[in-house]
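Student: Order-wise, the sequence lines are chains A and B. Just so it is clear: in the first sequence, position 165 is 165 by my numbering, and no numbers are missing. Just so it is clear: in the second sequence, position 49 is 49 by my numbering, and no numbers are missing.
Just so you know, these hints were derived from the structure itself, not from any lab. Note that the structure is a prediction, hence the values are computed from the model and not measured. We treat Cβ as the ideally placed atom computed from N, Cα and C, and that holds for glycine.
Covered stretches of chain B, as calculated for chain A (at least 3 residues, CB under 8 Å):
hint	segment
1	31-43
2	48-55
Sample of chain B residues lacking proximity to chain A, with all beta carbon distances greater than 10 Å (derived):
hint	residue
3	T5
4	L19
5	V21
6	S71
7	P76
Below are the chains, spelled out letter by letter.
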Amino acid sequence: MGGFLMAATRKGLFDVDCDGAAQPRCIGFLGDPVSAVLQNGHDGALYAALNLGHFGVKLHRSDDFGQTWTELPAPAFPVGIAADKEGEKAPSVSLIWTLAGGGPEQPKRLWAGTIPGALFRSDDRGETWHLVESLWNQPSRTEWFGGGYDDPGIHSINVDDNGRIVIGISCGGVWISEDDGASWTLGGKGLAATYMPPDRQDDPTIQDPHRLAVCQDAPDTVWCQHHCGIFRSDDGGRSFVEIKQAGPSTFGFAVAVHPKDPKTAWFVPAVKDECRVPVEGRFVVTRTRDGGKTFDSLSAGLPQEDAYDLVYRHALTVGADGKHLAMGSTTGAVWFSKDGAQSWRMLTAHLPPVAQVCFADAP
Amino acid sequence: MPRVTFTANLQRHLDVPSLEVEGARVGEVLAGVFAQKPLLRSYIVDDQGRLRRHVNVFVNSQMIADRDGLSDAVRPDDEVFVFQALSGG
Numbered sequence: 001m002g003g004f005l006m007a008a009t010r011k012g013l014f015d016v017d018c019d020g021a022a023q024p025r026c027i028g029f030l031g032d033p034v035s036a037v038l039q040n041g042h043d044g045a046l047y048a049a050l051n052l053g054h055f056g057v058k059l060h061r062s063d064d065f066g067q068t069w070t071e072l073p074a075p076a077f078p079v080g081i082a083a084d085k086e087g088e089k090a091p092s093v094s095l096i097w098t099l100a101g102g103g104p105e106q107p108k109r110l111w112a113g114t115i116p117g118a119l120f121r122s123d124d125r126g127e128t129w130h131l132v133e134s135l136w137n138q139p140s141r142t143e144w145f146g147g148g149y150d151d152p153g154i155h156s157i158n159v160d161d162n163g164r165i166v167i168g169i170s171c172g173g174v175w176i177s178e179d180d181g182a183s184w185t186l187g188g189k190g191l192a193a194t195y196m197p198p199d200r201q202d203d204p205t206i207q208d209p210h211r212l213a214v215c216q217d218a219p220d221t222v223w224c225q226h227h228c229g230i231f232r233s234d235d236g237g238r239s240f241v242e243i244k245q246a247g248p249s250t251f252g253f254a255v256a257v258h259p260k261d262p263k264t265a266w267f268v269p270a271v272k273d274e275c276r277v278p279v280e281g282r283f284v285v286t287r288t289r290d291g292g293k294t295f296d297s298l299s300a301g302l303p304q305e306d307a308y309d310l311v312y313r314h315a316l317t318v319g320a321d322g323k324h325l326a327m328g329s330t331t332g333a334v335w336f337s338k339d340g341a342q343s344w345r346m347l348t349a350h351l352p353p354v355a356q357v358c359f360a361d362a363p
Numbered sequence: 001m002p003r004v005t006f007t008a009n010l011q012r013h014l015d016v017p018s019l020e021v022e023g024a025r026v027g028e029v030l031a032g033v034f035a036q037k038p039l040l041r042s043y044i045v046d047d048q049g050r051l052r053r054h055v056n057v058f059v060n061s062q063m064i065a066d067r068d069g070l071s072d073a074v075r076p077d078d079e080v081f082v083f084q085a086l087s088g089g
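Chain A extracted, bound-state conformation (with noise of 0.2 Å):
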């Protein structure tokens, strides 16, 4: 396939050869944190998200293919805006979680999800943002509290060709717009919740979706990564049906559907939350191939003894033909596969730690 494979890490943007003939060439930041990334597919614009630290979080645009890049204001909350209790401090964006790009007519609308749990939107290709107060101000989301970190965070933004956002939090469930973010329906029913007391497991309101991934040519399935297992939905995120057996364990961050069929799907799973390492120390990809009745666990070309790697909710990839996948570790190693995830080979071992990996169009 043409087009190049990027990698976000912990110290810098690499383009990661999927041919293995070169070694991994940092495009930009290094030494930084690249927190997310995204290609345009509107205009192949590039945009990174940094996470400086000490210096806050940084978006980044390129409009050569990651040669040169220019920042842009992040996102930001309103100077002002009111805190959420009485005594506490006014929000401020910690983390740029994900970035998405707008609709089939929004060539310059990008999408930003954030920590705390806010979604920003630009309809200038990031010159500038806005709150998505539409959200923001659901009286639910005094709720919503942090998963892994202090606050809520969204981290799944996705916009089929229709309009419809189905855009996933932790911990705050599944959120669904049919009207350009204009107005938010709460979805994730059946959803199930086993860190919460029990009459509290099935409230759609605090779930801890991991990672939601929307099938492009039948947006009405969406799969779910959740802390508590693997979900599927057949009705746009409104509700979800669990799957209960899926290799070696339904626990995991990451999860891809194919681009055109709704009943392939792929994760990539851990012991379960307490220990976030692969099942006996084997690392598989599982897939579904008929909507969740079965799975595969795969393994060619993966470790088999002694692994450690996990895949975080950004690091797994399926390309637009369905068969091109990609994913990259918490241990910096990079796998590619051709064959939808029937067999992988190692890109690199020695990347710093992974978030995000994505396919991108070469000039």
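Chain A is already provided as a structure; the job is to place chain B on it using the hints.
Tutor: Quick look at chain B alone, frame taken from chain A:
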């Protein structure tokens, strides 16, 4: 006018030479800097204008006390230093 000097670590990200700007409070001095370097603002203060947690500001040799309101006094012959705390790995 007060003179403002920035940690060399910022130079990795932005070109920020020492500047002389008007102001009788730290916040006023920094606002003068940000007027000349708009992108610098978010490196020093958060969305609400509070000093970032791991950024320190000194007036001469004294660390400022008001990290949220930036109300510490600055005299015309003072030097303001913007440093970063040490951390990482």
